[in-house]
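Below are the chains, spelled out letter by letter.
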Amino acid sequence: MFGSITPSELEAVRLSLKVAAVSTLASLPIGFALAWLLARKQFPGKTLLDAIVHLPLVLPPVVIGYLLLVLFGRRGPLGQWLEETFGLVLAFRWTGAALACALMGLPLLVRAIRQSLEAIDRRLESAAATLGAGRLWVLASITIPLSLPGIFTGMLLSFARSLGEFGATITFVSNIPGETQTLPLAIYTYTQVPGGDAQAMRLCVLAVLLSLAALMVSEVLVRRANRRILGDAR
Amino acid sequence: MRVEIDVEKGLGDFRLKAAFSCDAAVTALFGRSGCGKSTVLNLVAGLLKPERGRIAVGDRVLFDSTMGTDIAPEKRRIGYVFQDGLLLPHLSVRQNLTFGRFFTPQAERWADFDRIVALLDLAPLLERRPHHLSGGEKQRVAIGRALLASPRLLLMDEPLASLDAGRRGEILYYIERLRDEVGVPILYVSHEIEEVVRLAGHLVLLSEGGVAATGSVNALMSRMELKPVIGRYEGGAVIEALVVEQDLEMGLARLSFPGGELQVPDLNALRGERLRVRVRARDVSLALSRPADASFLNVLSGTVTAIGAGDGASVDVQLDIGGTPLLARITRKSVAGLGIAPGKPVFALIKAVAVDRHSVGYA
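Note that the protein sequences, when read in sequence, are chains G and U. Residues in the first sequence are numbered from 1 upward in steps of one, following my numbering. Residues in the second sequence are numbered from 1 upward in steps of one, following my numbering.
Keep in mind that the hints were calculated from the coordinates and are not lab data. Beta carbons: idealized from backbone N, C-alpha and C, even for Gly. Certain hints may be false.
Here are the simulated distance ranges between beta carbons [as the list claims (entries may be wrong)]:
1. 164(U) - 226(G): 35 to 43 Å
2. 1(U) - 134(G): 37 to 45 Å
3. 175(G) - 70(U): 39 to 47 Å
4. 179(G) - 128(U): 16 to 24 Å
5. 201(G) - 127(U): 52 to 60 Å
Reference listing, derived: stretches of chain G covered by chain U, where coverage requires no fewer than 3 residues with Cβ under 8 Å from a Cβ of chain U [said to hold, decoys possible]:
6. 48 to 55
7. 120 to 133
8. 221 to 230
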């Protein structure tokens, strides 16, 4: 039943990994900034911002995909501006898939980092300031290293969410083999084709393996970061 | 270096309004918990911002509300040793120690790594992580870390509070060493009078958000009206004295002070050293004539200057021993029985063994 992986299946895996990696890395700075704002600052509209960040978690993904299409389509206000200013086209491109995935993974990323930031003893940052470290140095040498467990956890969740993203992606960038057909989209396509069961099953196994690998890598990273901070020999 | 502080700050229901200046090697901020001691330190370090006032260290103004001056904490170059050390958990001891060095301008780096490591005996700890250090070791690293940033003033916020009794003595010894060998002025917050007597020459008494009194430790400790401010500690006068003789055979040292002499157990003090000796009021007895055959080694003649108020069994009696104030805590019954009254000549009797290592500091 399994047979060997075909080039088109491999292409879907490769594309999925690329989209997930780019979406996770690109959303990290924004995710950290949002988490920092929500964890540390009091400002009007904080509750609203918190709710907006969490929207992708509760909205139907197809809604996100459609909104992205309206905003970032080649005729959309943001899409047009991006194309004219940077020559960047998102609609029906893998970059658009990465944007959709980033948005869907953002709440998970922000939640994990925020929890980690809130657990930091802020007097450590004061101590660093009395030793002469300015704000940016405190951020780089205290805040970020101490929130690494949350950063790694958030990155894993965002990466895994991206690997599994379906609704927003197919709505925004469609299902184009080699360009926007990620693993879930490929599986969906094969299930719609007569005789595609074996291929669908092979891709499902691959999806399970990929997710497992991501989980394990992240677990190792988090444990290492924790050991560094807590000094445990676990 | 002269430190001038004049600040006002409200924190919830609490209001701090404190002004004092100090010039001593160690100045103790002393008072009960909640009197605003730590708040003063945080204001000086720049971790809190006064509503009004002025803070200057030497010729450098750190904060001045009228001029709009407010130097950021990282630019103040004020060392801070926190109660619980606050070592950076993700860095090794060596990295913790060198953290502040990097930020200090080259020309102002007076602290030498090897010297500070030797002073605090940190060499065996350098490659360890903060989580693998004992409480006392953490505090030594915290002191070293603050010093290696080459601060112009060192703030210490009850650095012994989180340690057990055995470790306290150890850290006190290191603080004495740095006071005597490093020469950076220290502002030391404490509510333990033993620490103050051992370390500090100058005392700022805080009470309910204000300065109740400032002055030398010996001048303030014998002032009876300050007793409610100084609080629950075991009251007593502090006498500054010179070691004039060591009796090695009997294990005693003879100290001289204006007004008399004291014999105390030999505390490894050398002849010619100046000591601060705290004599607890309850260790002082009074007699109207010099006892002929009693075990008291110290019999000091003086006069009664004041009798404290008291409705319990005991009262504090203030004495003048040839110019040096001393406090005695005796029963009201004895006051009545002996006819103790201001102006009356008396003898103060002090057991030599009442003075121990915890009640002596090097001046």
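Verification of the supplied hints:
1. One distance hint, 35 to 43 Å for the beta-carbon pair residue 164(U) and residue 226(G), is violated here, with the actual separation near 29 Å.
2. Our hint of 37 to 45 Å for residue 1(U) and residue 134(G) is violated, since their Cβ atoms are close to 25 Å apart.
3. The hint said 39 to 47 Å for the Cβ distance between residue 175(G) and residue 70(U), and at roughly 59 Å that hint is violated.
4. Hint check: residue 179(G) to residue 128(U), Cβ distance near 54 Å, so the stated range 16 to 24 Å is violated.
5. At roughly 53 Å, the beta carbons of residue 201(G) and residue 127(U) sit within the given window of 52 to 60 Å.
6. Counting residues of the stretch 48 to 55 of chain G whose C-beta lies closer than 8 Å to any C-beta of chain U gives 0; at least three are required, and the coverage claim is violated.
7. Check on the stretch 120 to 133 of chain G: 11 of its residues sit with their Cβ under 8 Å from a Cβ of chain U, so the three-residue criterion for coverage holds.
8. For the stretch 221 to 230 of chain G, the assignment as covered by chain U holds, since 3 residues bring a beta-carbon within under 8 Å of that chain's beta-carbons and 3 suffice.
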